[in-house]
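**Q** Listed here are the chains, written in short residue letters.
Protein chains: 2
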Amino acid sequence: MPKRNAFYAQSGGVTAVINASACGVIEAAKASKDIGTVYAGQNGILGALNEELIDTSKETAKTISQLRHTPSGAFGSCRYKLKGLDENRSEYERLIEVFKAHNIGHFFYNGGGDSQDTTHKLAEFSAEVGYPLNCIGIPKTIDNDLPLTDNCPGFGSVAKYVAISTKEAALDVASMCESSTKVFILEVMGRNAGWIAAAGGLAIQQDGDAPHIIIFPEIPFKRETFLRRVNKTVKKHGYCVIVASEGAKDTSGQYLSGSSSTDAFGHIQLGGVAPTLAEMIKRKFGYKYHWAMADYLQRSARHIASKTDVEQAYALGEAAVHFSLAGKTAIMPTIVRGKGKKYSWKVGEAPLAEVANVEKMLPRHFISRDGWSITDAARDYLAPLITGEDYPPYKNGLPVYARLKKVLVDKKLPKRRSPRVKS
Amino acid sequence: MPKRNAFYAQSGGVTAVINASACGVIEAAKASKDIGTVYAGQNGILGALNEELIDTSKETAKTISQLRHTPSGAFGSCRYKLKGLDENRSEYERLIEVFKAHNIGHFFYNGGGDSQDTTHKLAEFSAEVGYPLNCIGIPKTIDNDLPLTDNCPGFGSVAKYVAISTKEAALDVASMCESSTKVFILEVMGRNAGWIAAAGGLAIQQDGDAPHIIIFPEIPFKRETFLRRVNKTVKKHGYCVIVASEGAKDTSGQYLSGSSSTDAFGHIQLGGVAPTLAEMIKRKFGYKYHWAMADYLQRSARHIASKTDVEQAYALGEAAVHFSLAGKTAIMPTIVRGKGKKYSWKVGEAPLAEVANVEKMLPRHFISRDGWSITDAARDYLAPLITGEDYPPYKNGLPVYARLKKVLVDKKLPKRRSPRVKS
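Chains as they are written, first to last, in my numbering: chain P, 164 to 586; chain L, 164 to 586.
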């Protein structure tokens with residue numbers, strides 16, 4: 164059988180290490196000699212639908228190797244979820260049409276839960292229509308909410324960023340609290356899962372260390388208990404540092420951040436859990452506060468990526484290629500944690516049928532009994548994931564990140580009406 | 164003359180490298196053999212007023228050396244400005260009383276403009292009352308607004324953090340803009356000086372690179388021009404990245420961030436330039452936005468400090484000791500930039516009489532003609548200040564920062580009523 168090409172696409176919110184997975188795919192494909200060219204979807208799966216395929220062989224080997232230390236999605240990502248086969252068969256037909264036109268026999272989709280679902284459906288569809296296509300999902304999400312893998316590439320680096328930032332900002336507050344700011348709140352991502360917020364807890368290395376309070380989406384927020392705890396902490400330590408998850412909800416299930424002009428407590432605001440909490444504390448106790456919203460900074464902070472995370476992201480990209488070459492389909496390479504006391508990991512695999520549409524929440528035993536901190540079990544799980552530094556090269560004080568040429572392959576098919584994308 | 168002791172205090176908002184200056188002071192004093200013990204003020208000058216003196220000789224040499232890579236103010240800082248001599252002579256008397264009781268002959272005050280002013284006044288007062296005290300100010304401020312020094316320790320590191328964060332977040336936005344966020348705003352510190360915002364401009368390395376818009380406090384903000392520019396940028400590049408100074412003001416001199424429940428444009432908000440701008444853009448064009456407020460994260464980010472900045476902070480601490488031992492007083496060691504094309508610097512000195520109460524603003528020729536970006540002159544000035552990395556050591560994925568014992572010297576004076584501090 165002649166060599167077939169591969170298609171690779173990035174999906175959903177990007178991370179500090181998704182390009183490391185891309186690098187793993189492209190370098191492994193090149194090394195194998197059994198894959199022709201890796202085409203990357205321009206802006207994710209939209210690139211396949213629109214036949215906008217970036218020819219990665221037009222990039223230099225150096226540029227490809229730089230992907231390992233470049234944050235964000237170098238080929239472009241998108242928030243576009245293919246519907247189910249029943250609802251939108253034509254999109255799946257279009258994908259197969261494009262893949263056929265470009266002799267693509269390997270499909271690598273690098274994303275979160277939705278992407279794994281799409282990969283699974285495409286595997287079923289290609290089998291149904293008799294088009295040989297190995298469909299491999301590569302896990303990626305800062306939210307760490309994919310099942311069957313010990314952790315998701317992207318999470319370790321955001322966890323490291325949040326732990327370090329919490330530690331650093333806490334030192335700042337501690338040094339000024341006698342005469343200035345007494346309460347500091349760092350709002351972190353993670354949607355409905357508290358994994359990222361939990362990582363803030365790694366900054367606690369001794370009794371009394373910050374963060375003194377972590378607000379998890381998994382624990383309904385009780386205002387009065389919270390305020391009492393803040394005050395007690397300020398009285399005891401002179402200051403109080405809080406890590407708050409963007410997905411925090413009150414006891415009635417309302418988001419604390421609010422979504423319009425009124426927050427869960429009737430105060431008017433522009434959104435954000437941190438300012439809501441800060442105002443709440445200010446009104447009650449008058450404490451001077453500061454808050455930070457790291458937003459995209461946390462998921463793009465390649466400058467302080469976890470070495471473990473980078474290595475795993477690369478390894479999963481590489482493994483995806485090896486699995487596909489071994490004829491496997493409808494699977495996702497996973498991280499399997501070793502049993503020993505010393506952290507170790509290897510690559511495993513999970514059937515996509517079992518991955519799709521399952522969200523892995525922070526287990527209750529990772530959260531302290533009172534609901535405001537993490538347990539030793541959480542520390543044991545989290546700590547290895549932030550271990551090691553993997554600094555990018557620098558020039559003139561700034562990291563040197565890959566700049567791609569992004570040469571598009573000539574189209575072979577008639578133009579298709581652009582699918583509508585949600586913004 | 165028997166060896167006399169030294170007093171060192173940290174003042175005002177802390178930085179990623181103020182402890183490097185402390186390290187320079189303590190190590191130089193120890194090396195000189197002409198200074199007894201360095202006592203550090205617990206919580207800045209309040210430590211002197213309250214006779215709460217930390218005996219730095221009780222810390223191990225290793226802990227002291229760790230100060231070089233530890234952010235924040237390790238001895239505690241404070242926002243407490245001594246009044247003028249006419250208004251509050253008793254505070255100056257108290258300082259001299261404490262210094263006399265502990266045989267202190269060297270006064271090192273590490274802070275911004277207010278602290279230089281205090282140091283100057285104390286030098287005058289000690290001369291007036293005939294108490295021999297060499298008073299040396301050590302510059303520190305992330306705002307870079309001290310005169311007579313080419314730059315201030317603390318600024319280079321926040322500048323590096325902001326430049327890198329802008330670059331990283333911009334890559335994130337660029338990769339998603341086709342189907343998601345089109346506008347990203349990073350709000351930065353700097354009060355009324357645009358130095359930190361300008362540093363965001365260093366992320367521009369090629370035409371079209373972010374940030375596409377910088378909002379300086381020095382340039383009155385024009386809403387319509389801004390909105391037009393945002394839209395043009397999104398149309399051209401697909402996305403728009405903005406770095407906004409917290410001190411941005413509109414044409415009537417009102418802060419954009421607002422200070423109460425209503426912003427400069429009549430919209431209700433909790434404060435913050437970034438959310439104000441984001442809402443403005445959303446209302447006009449409907450673009451999906453994200454914004455980040457780095458707040459204390461930017462000034463405590465020792466993990467990505469500028470090597471140049473660390474070296475200068477240390478050198479100025481060291482120089483302060485040498486100046487004092489040479490019998491100088493009422494001066495501040497400064498950074499003097501070499502004339503050559505290649506960046507070089509050495510330590511100079513400036514009389515405190517000329518430093519006090521002068522704010523160095525971002526010069527107009529550092530801002531592009533249209534007011535939305537930086538010029539080559541600004542780049543030439545800024546780039547060397549962020550050059551070099553100076554990573555702290557890590558253990559288990561987290562930086563190892565100094566933890567001081569903070570042993571207080573036995574008091575020799577009757578207790579003084581605590582001065583009231585503003586929060």
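Calculated from the structure, these hints are not laboratory results. Keep in mind that the hints are not guaranteed to be accurate.
Identical copies look the same in the list; a pair holds intra-copy or inter-copy alike.
Claimed, not checked - Mimicking DSBU-like on lysine-lysine, the simulated pairs with C-alpha atoms at most 30 Å apart in a straight line are:
id: 1; residue 1: LYS385; residue 2: LYS558
id: 2; residue 1: LYS385; residue 2: LYS225
id: 3; residue 1: LYS447; residue 2: LYS284
id: 4; residue 1: LYS502; residue 2: LYS196
id: 5; residue 1: LYS470; residue 2: LYS558
id: 6; residue 1: LYS470; residue 2: LYS225
id: 7; residue 1: LYS166; residue 2: LYS569
id: 8; residue 1: LYS399; residue 2: LYS193
id: 9; residue 1: LYS505; residue 2: LYS578
id: 10; residue 1: LYS385; residue 2: LYS470
id: 11; residue 1: LYS445; residue 2: LYS509
id: 12; residue 1: LYS398; residue 2: LYS244
id: 13; residue 1: LYS578; residue 2: LYS445
id: 14; residue 1: LYS470; residue 2: LYS504
**Q** Is the C-alpha distance from LYS166 to LYS569 at most 30 Å within one copy, between copies, in both cases, or in neither?
**A** within (23 Å within a copy, 69 Å between copies)
**Q** Regarding LYS470 and LYS558, is the shortest C-alpha distance of 30 Å or less found within a copy, between copies, in both, or in neither?
**A** Both, since 21 Å and 13 Å are each at most 30 Å.
**Q** Please work out whether the CA atoms of LYS398 and LYS244 approach to 30 Å or closer within one copy, between two copies, in both situations, or in neither?
**A** between (49 Å within a copy, 25 Å between copies)
**Q** Indicate which option fits the pair LYS505, LYS578 if close means a Cα-Cα distance not exceeding 30 Å: within, between, both or neither.
**A** So LYS505 and LYS578 fail the 30 Å test inside a copy (55 Å) and across (54 Å) alike.
**Q** When no copy is named, should LYS385 and LYS225 be tagged within, between, both, or neither for a Cα gap of at most 30 Å?
**A** neither (53 Å within a copy, 44 Å between copies)
**Q** My question is about LYS470 and LYS504: at a cut-off of 30 Å on alpha-carbon distance, are they close within one copy, between copies, both, or neither?
**A** within (20 Å within a copy, 37 Å between copies)
**Q** At most 30 Å between C-alpha atoms: does LYS447 with LYS284 qualify within a copy, between copies, both, or neither?
**A** Result: close neither inside a copy nor across copies, 53 Å intra and 39 Å inter.
**Q** Cα distance capped at 30 Å. Does LYS470 pair with LYS225 within a copy, between copies, both, or neither?
**A** both (20 Å within a copy, 27 Å between copies)
**Q** Treating 30 Å as the Cα threshold, decide for LYS502 and LYS196: within, between, both or neither.
**A** Neither: 35 Å inside a chain and 56 Å across chains, both beyond 30 Å.
**Q** Since the copies are identical, ignore which copy is meant and state whether LYS385 and LYS470 lie within 30 Å (CA to CA) inside a copy, between copies, both or neither.
**A** Neither way: LYS385 and LYS470 sit 37 Å apart in one copy and 45 Å across, limit 30 Å.
**Q** Within a copy, between copies, both or neither: which one fits LYS385 and LYS558 at a CA-CA cutoff of 30 Å?
**A** neither (48 Å within a copy, 35 Å between copies)
**Q** 30 Å Cα cut-off: does LYS399 pair with LYS193 within a copy, between copies, both or neither?
**A** Classified as neither; 59 Å inside a copy, 35 Å across copies.
Hint compliance for this structure: hints 1, 2, 3, 4, 8, 9, 10, 11, 13 are broken, all remaining hints hold.
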